[in-house]
Amino acid sequence: MAPTKESVSEEIPAASSLGDALLYATMCIVGLPVEVQVKDGSLYSGVLHTACFDRDHGIVLKKATKIGKGKCRANLALGDCVDTLIVLSSDLVQVVVRGFVLPADEGVVDHVVGKSTESVNQVESHSCSREIEREENRSIFQNSASRQVTESRADGDKEDNSIVEVANGAPSLSPSSNIKGRNSHLASLPDQLSSQEIEAPKALTSSDTSTSVCSTSSTSIFDITANSYATGLVTSNTTIPKKIKGESIIAKESKLNPDAKVFTPTATNYRQVAAPVPRFVSPSQMSNSLSVVPTIGAQLGHEVESFASRFTVPSKVVPYNNLIAAQAGNGTHYARPEPIQGTPFMPQGHPRPHPPQANILKFQGTAAQPIQLPMAPPIMAGENQTLVAPMHVPFAQPYAVPQPVMISDVNGYIFR
Amino acid sequence: MEGSVGEELAVGCVLSLRTTLNDEIEGQIVAYDRPSNILVIQEGSSKAGARRNVRLLKANYIKDFTFLKKAEDPLDVDKCFIDLAGLQAREDAALRQAEIEAERIGVGVTSEAQSIFDALSKTLPVHWDKTVIVVMNEVRVSSPYLPENVTGGTPAANDRVKKVLELERKRLQARNSSQV
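If you read the protein sequences in the order shown, they are chains A and S. Per the working numbering, the very first residue in the first sequence carries number 1; after that it's consecutive. Per the working numbering, the very first residue in the second sequence carries number 1; after that it's consecutive.
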């Protein structure tokens with residue numbers, strides 16, 4: 001059983017809170033394209049898959065390309081691309097995420113706390129370390145020291161996966177192994193990776209279980225307090241509150257009101273969210289009781305009221321132009337307002353600055369075109385739910401609302 | 001580095017530092033992890049349009065640094081939320097995008113061929129078939145990617161590809177000559 005927040009609050013040493021901050025920062029950048037510099041000066045660009053900064057672990061990049069040449073000879077030539085690149089912690093110099101602001105920076109938060117979010121246990125950081133070990137164990141190595149990634153690319157054979165591990169300056173990773181990099185087939189990478197038969201080099205296998213590991217594909221689970229929130233939860237058994245106290249809410253900038261002030265929700269009303277402004281309502285999907293479309297922006301209070309009073313809870317998502325109204329249901333739904341320029345409107349969340357590449361959230365579901373989601377979906381069907389729109393939401397239908405969670409306990413510690 | 005101990009207490013401070021690899025970084029310390037000796041730095045300012053990067057830097061690669069100003073801890077613990085599903089989706093999207101971009105790169109082709117491919121892709125749907133540029137799934141442009149190497153497709157499509165190819169080659173030649 002995970003320790004409760006209250007029970008461990010007195011036991012948290014200051015050093016643990018610092019590790020939590022690094023853990024949080026690393027989790028925030030998982031899935032983003034990053035640049036990794038190793039100690040010989042080489043620069044690699046790829047999608048951050050997982051990271052562990054403890055002992056001999058490191059980071060794992062997916063679809064990594066060498067974009068900067070270092071002083072020493074390396075396994076990869078400039079411009080080569082590999083499916084999976086493992087950079088050991090001992091070789092790592094820095095990880096750079098361009099044009100990104102940490103979500104919790106400067107008093108800005110992405111999501112509003114909600115009661116309906118699931119409660120989960122503590123983060124299992126060792127599961128992340130196991131993932132790095134799995135990545136290492138899947139590496140393919142050759143005995144020929146002269147084999148290069150470019151050769152494997154040029155000969156045209158379609159090898160499914162390759163994992164390249166970067167060791168500083170050495171032409172081979174270990175005395176008994178070398179690197180063979182190869183572009184993967186366009187099929188699903190995780191499926192291919194799991195089916196790939198590989199030989200694990202002894203030098204790369206780690207028997208340690210690390211603590212500071214971050215990966216979205218791990219079985220990590222988090223504590224969610226009563227005030228933690230996941231985006232866009234609407235249940236079928238709740239009704240939209242009829243009134244939102246607009247006087248305590250500062251409307252976020254919208255495209256209709258570029259000069260609107262930054263929105264900050266009140267603690268008591270954080271669950272009450274204004275509806276977005278759908279410009280088109282599909283009559284076949286939307287309740288005919290919805291006759292007024294509220295405008296997004298400063299008139300949050302009365303407009304939410306008007307919307308809420310008319311809004312009933314259908315069971316599926318309603319698209320309006322690029323705007324999806326989350327319908328009530330026991331699953332996860334959310335509304336996707338129209339893309340607007342400028343900072344997003346978060347009726348029930350702390351506003352967040354609008355970095356150009358920040359926090360591209362993607363919901364599960366069928367593939368869809370990426371859609372800018374600057375404004376929060378305000379449709380709420382229950383007292384205890386709040387819809388929160390992330391900054392950029394490539395939208396797909398059907399989809400599940402992501403459930404942001406707050407890391408309140410990490411290995412028994414609490415953020416300070 | 002002896003500064004790493006001081007930096008543990010300096011979360012929130014704005015520093016200007018230089019790494020041993022001659023990178024110059026100016027930003028605010030978001031976090032410092034002593035066991036791994038990693039600094040988390042948020043670069044840039046809060047002004048709109050400023051380039052804001054996040055760096056995870058090993059502190060032992062800091063050559064020197066300058067203290068600029070003291071500020072509060074930028075991370076608000078009460079606002080630290082992680083959307084796991086969103087992160088997973090973001091990673092999937094980034095991987096798909098990387099695959100698409102990787103598909104644009106020809107294998108075993110010259111840089112000139114790649115430039116021609118990139119130029120054609122701006123206005124026409126193209127993809128690689130080994131070293132052959134396939135346009136609109138019917139017209140094929142093989143090495144050395146001259147107008148006379150355009151084959152296949154309807155006469156109208158063929159002519160269109162030839163014209164676009166001639167235009168793009170002229171542009172590339174003009175660009176190369178201006179750069180020389």
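Heads up, some of the hints might be wrong.
What the hints assert, rightly or not - Examples of chain A residues lying across from chain S (beta carbon under 10 Å, computed): (1) 55; (2) 77; (3) 78; (4) 94.
These are calculated hints, taken from the structure and not from any lab test. Glycine residues also receive a C-beta, built at the ideal position from the N, C-alpha and C atoms.
### residue 94 of chain A as an interface hint toward chain S, with CB separation required under 10 Å
Holds, because the Cβ-Cβ distance from residue 94 of chain A to chain S comes to roughly 4 Å (cut-off 10 Å).
### Message
Just to be careful: measuring from the Cβ of residue 78 of chain A to every Cβ in chain S, is the smallest value less than 10 Å?
### Response
violated, 12 Å
### Task
Under 10 Å, Cβ to Cβ, is where residue 77 of chain A needs to be relative to chain S, so tell me if that hint holds or is violated.
violated, 13 Å
### Query
Holds or violated: is there a CB of chain S closer than 10 Å to the CB of residue 55 of chain A?
At about 9 Å, which falls below the 10 Å cut-off, the nearest Cβ of chain S leaves the hint on residue 55 of chain A intact, so it holds.
Going through the hint list in order, the structure does not satisfy hints 2 and 3.
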